[in-house]
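Line order of the protein sequences matches chains A and B.
For what it's worth, the working numbering labels the leading residue of the first sequence as 1, then goes sequentially.
For what it's worth, the working numbering labels the leading residue of the second sequence as 277, then goes sequentially.
None of these hints come from the bench; they were simulated from the model.
The C-beta atom is built at its ideal place from N, Cα and C for all residues, glycine as well.
Any given hint might turn out to be false.
[Said to hold, decoys possible] Sample of chain A residues lacking proximity to chain B, with all beta carbon distances greater than 10 Å (derived):
#1 Ala23
#2 Met137
#3 His155
#4 Arg232
#5 His253
#6 Tyr256
[What the hints assert, rightly or not] Derived coverage of chain A by chain B (criterion: at least 3 residues anywhere in the stretch with Cβ under 8 Å from a Cβ of chain B; other residues may be distant):
#7 47-55
#8 114-122
#9 258-267
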Amino acid sequence: MRRLLQFAYPLRHFFLFLSLETAAFYLSFQYSNYHKTLFFGLAAEVNGYILSKKERLTAFFRLEAENRSLSAENARLRGQLRASQYRAAGQPTVVDDSSYRQQYTFIPAEIIDISIRSRDNTILIDRGRKQGVAENMGVVAEGGVVGIIDAVSSHYAHVIPIISSSSHVCARLKKSHFFAFLSWDGRDYRIVQLEEIPDHAPISPGDTVISDSHSAIFPAGVPIGTIRKIERDRLRGFYAADVDLFIDFARLHRVYVVKNLLKAEVNKVLNPSADE
Amino acid sequence: MNNKYLKYGFLFFFLSLCQAYVFGRINFMGAVNPQVFILFILLVPVYSKSGLMLLGFLLGFSVDLLMGSGGMHAASGVCIAFARSFGLRLVSEKSRFDSATCPIGALSKSERFLYFALLSALQSLVIYLLDSWHLYPVARAGLYALISAGMTWLLLVVIYPFVRDPVRS
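Please model the entire structure based on the sequences and the hints provided.
Here is the structure:
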């Protein structure tokens, strides 16, 4: 034992170097996990405070583009109002309004920090627990799905966008309704990958990909992007496709946190044992 | 003595904040940033290798925490803390330094420039090799590291006169 210590003592600096490097590498590759744990609250509050001051200074210069984007969104929403539509079918139908209940509400938020060029991109928004934001809520924007809330502090929330290697979001082909998984290979922030599309699904470039209401995070039908390139995995019997995103993350500024009012009920049905 | 702790304590927080909110957000060519926070590791009068490595880790980790960059800056901070004494011996014959003052107070201007260049190159290389993992080719990481090291070196040369130890200079 003494001999071992005598041998190891001159190398103590090197061993410490190896241990610290191992810890740093571990943090590098486990980024989203360590953030989720004890550091997030404090880091988010400090970061959020400084970045929101900076944001206030620069927001003025974006007003014109911001107004254009809001007008476009307004126009699209107006088009969806019942008053903007006409009845195409001859048969009159009665819509019982009391049979509709609100399932999703949207909390508007602004992005105060975003990264788009890392493997594990992140977004920090200026809404937190005090405004009703919680973990695992969806985040959408004009143009489509943005990501999922990963951690929340009192006034800020951390979003894992769909352009993060740790993001896995359910999606659906709009035309054929086939279900698949959305992931990101870490290369181009404008292109994500749609995986495990059954090989009997009719799919072609240009098809639209939309969100799916599985897991009760996003409302069904929020646009995501269009199919760019398709590859077939014959062994596994699946297609994989590249998807051009509708959202330009480099210009993203205003988002909406999706609050599913029935989520607790859905979770209770899906995991009845969780309550026990 | 107290002044020294105060000065380097302030430098620690000032450089980590500057790195996280100013220099770390330049994104030249999409991803290249100068790594000015290493100035603390290059200057701090701590001569125990273990102590210096722990400080390097803490400083890098503070930057990582503020930037949400995992452990990249911590890894590079430890690396240059480990390599600092080799760097000093490489650029100068004067191997004995006054433990109360900054390790580079005794270096000539050209030796100091070379010391900054060597360690900023090493640090940038570590950062961009880690960053390139599965994101872009190693050759591009090398180019980014070279540009980042050049930017870092230039900023270190400009900032150093404002923070150098008044006892020795």
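Structure-based check of all given hints:
no.: 1; hint: Ala23; verdict: violated (7 Å)
no.: 2; hint: Met137; verdict: holds (19 Å)
no.: 3; hint: His155; verdict: holds (17 Å)
no.: 4; hint: Arg232; verdict: holds (24 Å)
no.: 5; hint: His253; verdict: holds (16 Å)
no.: 6; hint: Tyr256; verdict: holds (22 Å)
no.: 7; hint: 47-55; verdict: holds (count 4)
no.: 8; hint: 114-122; verdict: holds (count 6)
no.: 9; hint: 258-267; verdict: violated (count 0)
In terms of the numbered hints stated before, the structure departs from hints 1, 9, listed from lowest to highest.
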